[in-house]
Amino acid sequence: MQEEEKDVGKESKYTQDEYSHFVDSSIKEFEVDFFITEESQRKIVQTGKNQAAKMNIMISLALLLLIIPILTLATYAYYAIGGEGDKLIEIADKTLYITEPNMSLEEMKIENEFGLFSMDIHYDVFKRIGNAEYKIGNQFIHFGLDQPNFPINEFYLERPLPENPYKQENEFLSHPNARILPGSDWGILKGLPDGTVSEVYVSLSSLQNPEKFEETLPDYTELVWVAVDTGMEEKMIDSEGKLITPIGYPYQEDPDNWSPFNGDEVNSKQFIEALDFLEKNEETAVKIARAKTLCIKQRSDYIKKHGIKIYGAVVTGPTKELRLLEKMQEVRSIKVGEVKLWNLR
Amino acid sequence: MEFTMKSKKTKNRLQTFTGYLSFLIALIALIFLNAGLLLKTEQMPNFFIIELPQIGLMLGIIGIFSRNRSRLFAIWGIALHLFIFLFIFLMIIFGLSINPKP
Numbered sequence: 000m001q002e003e004e005k006d007v008g009k010e011s012k013y014t015q016d017e018y019s020h021f022v023d024s025s026i027k028e029f030e031v032d033f034f035i036t037e038e039s040q041r042k043i044v045q046t047g048k049n050q051a052a053k054m055n056i057m058i059s060l061a062l063l064l065l066i067i068p069i070l071t072l073a074t075y076a077y078y079a080i081g082g083e084g085d086k087l088i089e090i091a092d093k094t095l096y097i098t099e100p101n102m103s104l105e106e107m108k109i110e111n112e113f114g115l116f117s118m119d120i121h122y123d124v125f126k127r128i129g130n131a132e133y134k135i136g137n138q139f140i141h142f143g144l145d146q147p148n149f150p151i152n153e154f155y156l157e158r159p160l161p162e163n164p165y166k167q168e169n170e171f172l173s174h175p176n177a178r179i180l181p182g183s184d185w186g187i188l189k190g191l192p193d194g195t196v197s198e199v200y201v202s203l204s205s206l207q208n209p210e211k212f213e214e215t216l217p218d219y220t221e222l223v224w225v226a227v228d229t230g231m232e233e234k235m236i237d238s239e240g241k242l243i244t245p246i247g248y249p250y251q252e253d254p255d256n257w258s259p260f261n262g263d264e265v266n267s268k269q270f271i272e273a274l275d276f277l278e279k280n281e282e283t284a285v286k287i288a289r290a291k292t293l294c295i296k297q298r299s300d301y302i303k304k305h306g307i308k309i310y311g312a313v314v315t316g317p318t319k320e321l322r323l324l325e326k327m328q329e330v331r332s333i334k335v336g337e338v339k340l341w342n343l344r
Numbered sequence: 000m001e002f003t004m005k006s007k008k009t010k011n012r013l014q015t016f017t018g019y020l021s022f023l024i025a026l027i028a029l030i031f032l033n034a035g036l037l038l039k040t041e042q043m044p045n046f047f048i049i050e051l052p053q054i055g056l057m058l059g060i061i062g063i064f065s066r067n068r069s070r071l072f073a074i075w076g077i078a079l080h081l082f083i084f085l086f087i088f089l090m091i092i093f094g095l096s097i098n099p100k101p
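Those protein sequence lines, which keep their order, are chains A and B. Numbering of the first sequence is given in numbering that gives the first Met the number 0, commencing with residue 0 and proceeding in unit increments. Numbering of the second sequence is given in numbering that gives the first Met the number 0, commencing with residue 0 and proceeding in unit increments.
These aren't lab readings, by the way, just hints derived from the structure by calculation. Some clues are possibly wrong.
[To be verified] Distance condition first, Cα-Cα at most 30 Å in a straight line; then the derived DSS-like pairs of lysine-lysine:
| # | chain 1 | residue 1 | chain 2 | residue 2 |
| --- | --- | --- | --- | --- |
| 1 | A | K279 | B | K100 |
| 2 | A | K319 | A | K304 |
| 3 | A | K108 | B | K100 |
| 4 | A | K319 | A | K241 |
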């Protein structure tokens with residue numbers, strides 16, 4: 000305590016005047032050294048304002064420019080994570096093979112493009128006529144997330160199937176017990192020159208085993224697609240009265256490894272697997288298919304219970320040989336599809 | 000007791016020049032990235048979305064080590080450049096995993 004008192008005593012060596020003088024001189028020195036004119040003050044404020052404005056503009060611009068990349072990234076993530084994009088492509092692929100007689104596509108050439116939360120796929124569609132695959136058009140499907148729009152088909156066919164099936168008479172294949180029989184095209188087949196190959200939709204007079212039916216076909220002809228009996232083809236309508244269309248599968252093995260009907264297993268087995276897959280995604284498949292109802296579960300259960308029996312088929316080959324179908328008891332009627340110049344070697 | 004005027008070291012709030020440049024380059028790269036996405040073109044020059052962000056990232060890193068200056072722009076620049084690289088990387092990964100072709 001005594002030492003502290005001594006220290007205070009030492010500090011008190013300056014008088015009150017000296018203190019005042021020192022403080023005044025310090026204030027003057029401060030005013031000289033740190034004097035800022037009004038002009039300078041205005042400049043400082045202006046610089047601050049400009050800095051703040053520049054920062055706000057740049058940060059706002061950055062945030063705005065991040066919107067599209069982030070949404071694009073989210074779109075890609077949606078279709079990539081969990082394989083959603085691949086699943087939608089697979090649905091379109093299998094729906095085409097199963098619901099469109101004698102139509103195929105090249106899986107490796109399916110093109111896809113992405114918008115914001117949407118995916119477009121488009122691909123060329125082929126038909127086998129005679130001994131060659133012909134490109135008959137292309138199909139374009141827009142998916143908003145996982146919901147497809149109706150596909151846009153550009154098919155260049157001489158005798159296309161109706162795009163929106165509404166009348167059974169317009170369909171090319173009919174069940175042996177069907178009351179309505181589409182008119183037969185024997186006259187057209189006879190009128191075609193011998194130097195052509197044709198695609199013929201054959202309606203059978205009874206349900207057949209596909210292998211047995213193939214054995215009865217004329218030489219140089221090929222069974223390309225078979226329409227499978229699913230218990231609904233007699234009336235061709237579902238429980239709500241909507242028209243259904245045939246379902247079936249390509250009979251020949253597809254050499255393309257990426258096709259759902261490649262040589263890994265017999266096509267009939269791959270057909271049932273494809274039906275099981277489409278059953279889980281029926282809503283999407285119905286939107287893509289021509290028919291507005293597919294009743295896949297009901298038809299799949301029937302096939303599993305009764306086995307694969309066909310009531311119709313698509314046969315292709317030289318027109319001359321196809322005329323022999325008329326003499327076959329198994330054949331009830333035919334419809335001529337596409338015709339091309341001779342392409343057998 | 001002595002009175003002395005100590006000049007107080009005030010922190011200069013001006014942005015670092017390199018940080019500012021980094022942020023500006025990030026904005027330019029983002030504009031080109033947006034244009035490429037909106038136009039759906041694959042012809043976008045790599046310079047604007049790969050090489051330029053690399054330069055910008057380096058400038059941002061230099062900016063963040065600057066003393067006595069605000070590092071806000073440098074941080075924004077670095078973050079945006081990293082986003083651009085992450086975006087390109089993820090787009091490649093996602094693009095390859097959807098409808099893969101050998």
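To see whether the hints hold, each was checked on the structure:
no.: 1; hint: A:K279 to B:K100; result: 25 Å, holds
no.: 2; hint: A:K319 to A:K304; result: 39 Å, violated
no.: 3; hint: A:K108 to B:K100; result: 9 Å, holds
no.: 4; hint: A:K319 to A:K241; result: 38 Å, violated
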